[in-house]
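Peer 1: As a plain string of letters, each chain reads:
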Amino acid sequence: MPVTLTEKAASHVQGSLAKRGKGLGLRLGVRTSGCSGMAYKMEFADAINPEDIQFESHGVKVVVDPRSLPYLEGTELDYTREGLNEGFRFRNPNVKDECGCGESFNT
Amino acid sequence: MALFQIAEPGQSAAPHRHRLAVGIDLGTTNSLVATVRSGIPTVLGDEQGRPLMPSIVRYLPGGAVEVGYAAQSRQVEDPKNCLASVKRFMGRGLRDVAYIENSPYDFVDAPGMVQLRTVAGVKSPVEVSAEILKALRRRAELSLAGDLAGAVITVPAYFDDAQRQATKDAARLAGLNVLRLLNEPTAAAVAYGLENASEGLYAVFDLGGGTFDISILRLSRGVFEVLATSGDAALGGDDFDHRVFCWALEEAKLPPLPPRDTRMLQLKSREAKEALALHGEAPLTAKLSSGEFIDLRLTTETFCRITQNLVHKTLGPTRKALRDAGLAVEDIKGVVMVGGATRMPQLQRAVAEFFGRDPLNNLDPDKVVALGAAMQANVLAGNQPEGGDWLLLDVIPLSLGIETMGGLVERIVPRNSTIPTARAQEFTTFKDGQTAMSIHVVQGERELVSDCRSLARFELRGIPPLAAGGARIRVGFQVDADGLLSVSAREQSTGLESSISVKPSYGLGDSDIERMLRDSFEHAREDMHARALREHRVEGERLAGAVRGALAADGGLLAPEERGEIDRLLAALEAALPGDDARAIKRAAEALNRATGSFAARRMDEGVKRALAGRSIANLDL
Ligand SMILES: Nc1ncnc2c1ncn2[C@@H]1O[C@H](COP(=O)(O)OP(=O)(O)OP(=O)(O)O)[C@@H](O)[C@H]1O
Ligand SMILES: [Mg+2]
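Taken in order, these protein sequences are the chains called A and B. Okay, so the first sequence: first residue is 1 according to my numbering, each after it adds one. Okay, so the second sequence: first residue is 1 according to my numbering, each after it adds one.
Chain A with its partners taken away, still in its complex shape (with noise of 0.2 Å):
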């Protein structure tokens, strides 16, 4: 299943690209720490690996290393507003638990 984004989200990282004035796209992962296992990895790619696998989504480039993609597959990223916050939230149907603070996960 693909990575994707929602609209929202998506004209948001093109705006982020934009005020950055380089960027091919976001590069999404995952890698062990926290207290339930996993992180998420959510950058700016500035390369794409040839083992990378993308995505294409509302117009933006969504990159994955192959690593990752198992516990990605399936994710919609949004972009919202929480109280005073606003930022990105990953929609991820590989979640099993989540530690109290949602920066770490399980699959």
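In short, the hints are calculated from the structure, not lab data. Hints may be right or wrong, so weigh each one.
Said to hold, decoys possible - Below, computed lysine to any residue pairings styled on SDA-like, alpha-carbon distance capped at 20 Å:
hint, chain 1, residue 1, chain 2, residue 2
1, A, Lys19, B, Asp106
2, B, Lys586, A, Lys19
3, A, Lys8, B, Asp106
4, B, Lys80, B, Glu47
5, A, Lys61, B, Phe4
6, A, Lys61, B, Gln5
7, B, Lys586, A, Arg67
8, A, Lys22, B, Lys80
Claimed, not checked - Now the in silico label distances, taken between C-beta atoms and shown as ranges:
hint, chain 1, residue 1, chain 2, residue 2, range
9, B, Glu590, A, Thr80, 36 to 42 Å
10, B, Pro259, A, Glu51, 55 to 61 Å
11, B, Arg602, A, Asp65, 34 to 40 Å
12, B, Glu565, A, Glu51, 54 to 60 Å
13, B, Asp364, A, Ala18, 58 to 64 Å
14, B, Leu60, A, Arg20, 51 to 57 Å
15, A, Glu7, B, Gly10, 45 to 51 Å
16, A, Glu7, B, Ala552, 56 to 62 Å
17, B, Arg474, A, Gly21, 53 to 59 Å
18, B, Asp605, A, Glu7, 54 to 60 Å
19, A, Glu51, B, Gly549, 31 to 37 Å
20, B, Arg423, A, Ala18, 58 to 64 Å
Beta carbons are placed, not taken as given, at the ideal position from N, Cα and C, and that holds for glycine.
Chain A is fixed; fit chain B with the ligands onto it per the hints.
Peer 2: Relative to chain A, chain B with the ligands alone:
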């Protein structure tokens, strides 16, 4: 659920603004590491759940080390290379070390601090302590799954500057960021006070394996104020063992023993001592390397008799601490017992009698120091505890001063001053035209310089030549929150300044520390190997899990021979995972990863097809 921001490549913030911080009780006999997890202080055990780690390091030929229980179990067999109780040697010269004649070690006298010769070369107590700290750090990083932001390390309140500095250097060698050196009884009081919401005046009586501390504290609404502290940096359970050991030697009429027998008999003596906490009598039996059998019984009565003056020795400092705090025994609301040696019934009785009340034993005396240190680490790392903030006001245990004419000590910071503190005093020249002044910094309560501990010497030069008594030299002492001193001197009329951090007097200069760091880098390879193994295992397990999941879900996309290949590589990886060969795990994982590449691509295509099904091309932003 958290909201995320886009990071620069490679800069994704680690999850949890909660910084991983630990408290470490670096004990003479046992060491522990604790942390605050979701607001609750907990001791971190080893893989088998054992909370304590014996403070024993074994050096093997070639430089590899074993720490903790592994080293403990080899003590009798390899007494010269299994170093125990090195905390007693921290910042100490050969002449300060008690019962050298009964010690199995090969001591090497070195300026300032004694060293020990092992098969892996001469080791300083700082290096040995660093091995213990490294092992605790590894334990913490494994169980917290992350890098430590910092650690609070406890020291006996009665440690002087050289001993504190040695402890801090050991932490530096172990790659720990020291948030604070915290006095052990203060840490215990924090744990006790926060646990029991206590208010009022308390005494903390801490008799561990090698050191005795007594502190008097006032606890009031989140403020822990140490009023006075005293103790004996060379009095602990080890001394009780030693009395039993000497008694056994006499009783069995033994000649001086070889190191191996010495170590064994010492261990048996300790066992007998500990058994007496529960029984009226304990056997002390051993078979010596000469073939001779020892078969003794230690009764409570004998034990009390031979250790009577050790018990008595704790009361002197206790009286002194009360006197320094300006308090009488009746003012003390409770006496908190800390340290394994407070389990001895005769000690409990002596303390009860002295204070006229039963001591408080409701916290585990082994863990309370580490728990208090963890609470302090949590605050210092910026992870506010849930109960709000609290404040610690600690003191310096021994007076600091400088040498003046006639070898006398001029005290500048009196003992029990609250730290951090800064004090200054003016001195003058005593000769006409004197242009240099030598400043000798000492620590201790005695009047004569020769009876105090020498910390450092430095020179202030270029004083304008004036008549005797004409120059005004201001000597400033700063003691930081770790209890560590730095000294500066300034000539007032010219502004000429000279300052030092009091450090190298115990024999380890910065260059020594650097050398040790370099040495430890050599062993870093082993550490790195352990780390790589762990990382590859995690990666491998993750991959194996993912492949198993993918096979279950989409195995149908594979031709039988592809399936066979993947199954085979998956089995190979699973077989490699429990092993110790990081490279084998990595190779197996890479092979599986390669073999599943096209499978992943096919699954993805399938996924995309499924996701796109029912949508027309026109709707897609491709
Ligand atoms: N049941 C017992 N009876 C008598 N002594 C005991 C008992 N249990 C433990 N001890 C003694 O307690 C001492 C160890 O105490 P602890 O672990 O508190 O010391 P430590 O923290 O390593 O040392 P220190 O605080 O002096 O650096 C040892 O001497 C041990 O023999
Ligand atoms: Mg202790």
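Peer 1: Hints broken by the structure, by number, lowest first?
Peer 2: 1, 2, 3, 4, 8, 11, 12, 15, 16, 18, 19
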